[in-house]
Structures are given as structure tokens and as C-alpha cells.
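*Asks:* Residue numbers (the working numbering), protein chains in the order written: chain X, 46 to 158; chain E, 17 to 130.
Think of the hints as simulated: they come from the structure by calculation, not from any bench.
Treat the hints with care, as some may be off.
Said to hold, decoys possible - Quick list of simulated restraints, FRET-style, between CB atoms: (1) X:T48 - E:A70: 27 to 33 Å; (2) E:E31 - X:S129: 44 to 50 Å; (3) X:R87 - E:A17: 32 to 38 Å; (4) E:K74 - X:S46: 17 to 23 Å.
Said to hold, decoys possible - Take a look, some chain X residues computed to stay more than 12 Å from chain E by CB distance: (5) E71; (6) S102; (7) S143.
Claimed, not checked - Rough simulated footprint, nothing fancy, chain X against chain E, three-plus residues with beta-carbon under 8 Å: (8) 27-33; (9) 121-129.
Small disclaimer: the values here were computed from a predicted structure and weren't measured.
The C-beta atom is built at its ideal place from N, Cα and C for all residues, glycine as well.
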Amino acid sequence: SQTIHQWPATLVQPVGSPLSLECTVEGTSNPNLYWYRQAAGRGLQLLFYSVGIGQISSEVPQNLSASRPQDRQFILSSKKLLLSDSGFYLCAWKGGGSNQPQHFGDGTRLSIL
Amino acid sequence: AQSVTQLGSHVSVSEGALVLLRCNYSSSVPPYLFWYVQYPNQGLQLLLKYTSAATLVKGINGFEAEFKKSETSFHLTKPSAHMSDAAEYFCAVSDPGGSYIPTFGRGTSLIVHP
Chain X
46 SQTIHQWPAT LVQPVGSPLS LECTVEGTSN PNLYWYRQAA GRGLQLLFYS VGIGQISSEV
106 PQNLSASRPQ DRQFILSSKK LLLSDSGFYL CAWKGGGSNQ PQHFGDGTRL SIL
Chain E
17 AQSVTQLGSH VSVSEGALVL LRCNYSSSVP PYLFWYVQYP NQGLQLLLKY TSAATLVKGI
77 NGFEAEFKKS ETSFHLTKPS AHMSDAAEYF CAVSDPGGSY IPTFGRGTSL IVHP
């Protein structure tokens, strides 16, 4: 069966520090991959999605970036974190076809001090 | 462009009462529809999905939803609420034309009182 791993579960970082969040998927090939952010009490904001290795689409211009170095690995990065980057970050994967649901990781709670 | 409206950012029910969470969509063609549940500090989990088969869809944890094309709705119901149902619920729509990106509603927080 397919599984998705996202780490770390929680992270506390100072303003201006770099960031790297990693997400890996097992048990499927060529998944569509997504990074979302949830601010406290808010809905889901799509940050990036990828339909293949090296293919990244950005939905929101900001100081974050994403990379997909391998088929089932998706990385969210920042060179310098801002206070506004605090939130709950979710990685998700989806199989081909718009009738397929998304499958989410357990999330990373990021707090910027 | 698609849109999803979830009426009520918070819904409060008593334990044992009917749960009704509303979802209306706007789409030029009947879309695929999904309900997800999110417990605190966890990711979203699929409850059920409508993909143009039966209009009444049964999901996990006793939830079900009915697709009504004439009302462009996909409301989520459960006959009897449990305390463990307290969570955030998201409705999402996907374009059958093949978009990679589902559109999510803003979510409804279900509060269950003892």
C-alpha cells in the first residue's frame, strides 16, 4: 500500500534562518505532489505542485521554493524565513486522473521566533 | 473556474444529534467531489468521494453525502454525532477535464457537545 512520510513533525526556527522540509512517498510511481500551508484557523493554501521530476509549479510568490530531485521526493525550502512563514505545512500526493483523491502527510508545525 | 462554498465556519451539535455540513460547488460540468476530515495537528484524511457513480456515497466513520446536481450540492451527513467526530471538515472539487489541482472549501469546524 502507499504511504507518505513528512518530517519533521514540529520545528522552531529563528527569523532569517534557512528551512528544509522533506516529503517522501512509497508504494506508487510518478505521483502528483503538493505542498500546502495552513495558517491558524484558516483553510488550505496551495504553495507548490509537481507532476514529475524537476517540474515545479508555484501558486503563490514568496520566499519559499520547492524541488523534486527524485520521483517520490518533494522538498520545501527557504533561504531566509520570515515571521509570516509560521504555519502548518502539509505534503500530499495524488495518482493520475482527476477522480483520484489526495493523500496527505501528517504535517509539520513550523514556528518562527 | 471552480469554486467551493462551505456554509458555516463552525457547526455545533449535541452528541447523538444529526450532523449536517454543507458544501456547494460552482462548476461548468459535474465535477468529482471529496470530503476530508482533519483532526488537530494531523493531515487530511479522505472521508468519501463522488466520481459519477451512485449519487449517495457512503464513507468511513458512518458519514455519507449525496450529490445533487440540480442544487450543485454535496452535503455531508451523519445520523448520530459522536464526541470523536469533532474535527475540521473540508469539501473539495476536481475538474473532470483533468486539472491537477483540486479546489478546497475553507473548511467547517464541527463541535460536538456532550
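*Asks:* For every hint, state whether the structure bears it out.
*Replies:* Outcome of the hint check:
In this structure the supplied range 27 to 33 Å holds for X:T48 paired with E:A70, their Cβ-Cβ distance being about 29 Å. The given range of 44 to 50 Å is broken by E:E31 and X:S129, whose C-beta atoms sit roughly 39 Å from each other. Between X:R87 and E:A17 the Cβ separation comes to about 21 Å, which falls outside the hinted range of 32 to 38 Å. A hinted range of 17 to 23 Å holds for the C-beta pair E:K74 and X:S46, which are about 21 Å apart.
Separation of X:E71 from chain E is adequate, the least Cβ-Cβ distance of about 16 Å exceeding the 12 Å criterion. Look at X:S102: its CB is around 8 Å from the nearest CB on chain E, not clear of 12 Å, so calling it non-interface is violated. A Cβ of chain E approaches the Cβ of X:S143 within 12 Å, the least distance being about 4 Å, so the stated non-interface status is violated. Interface restraint, the stretch 27-33 of chain E with chain X: violated (0 residues with C-beta to C-beta distance below 8 Å; minimum three).
Check result for the stretch 121-129 of chain E against chain X: holds, 3 residues qualifying (beta carbon to beta carbon below 8 Å, three or more required).
The structure fails hints 2, 3, 6, 7 and 8 (numbered hints given earlier, in ascending order).
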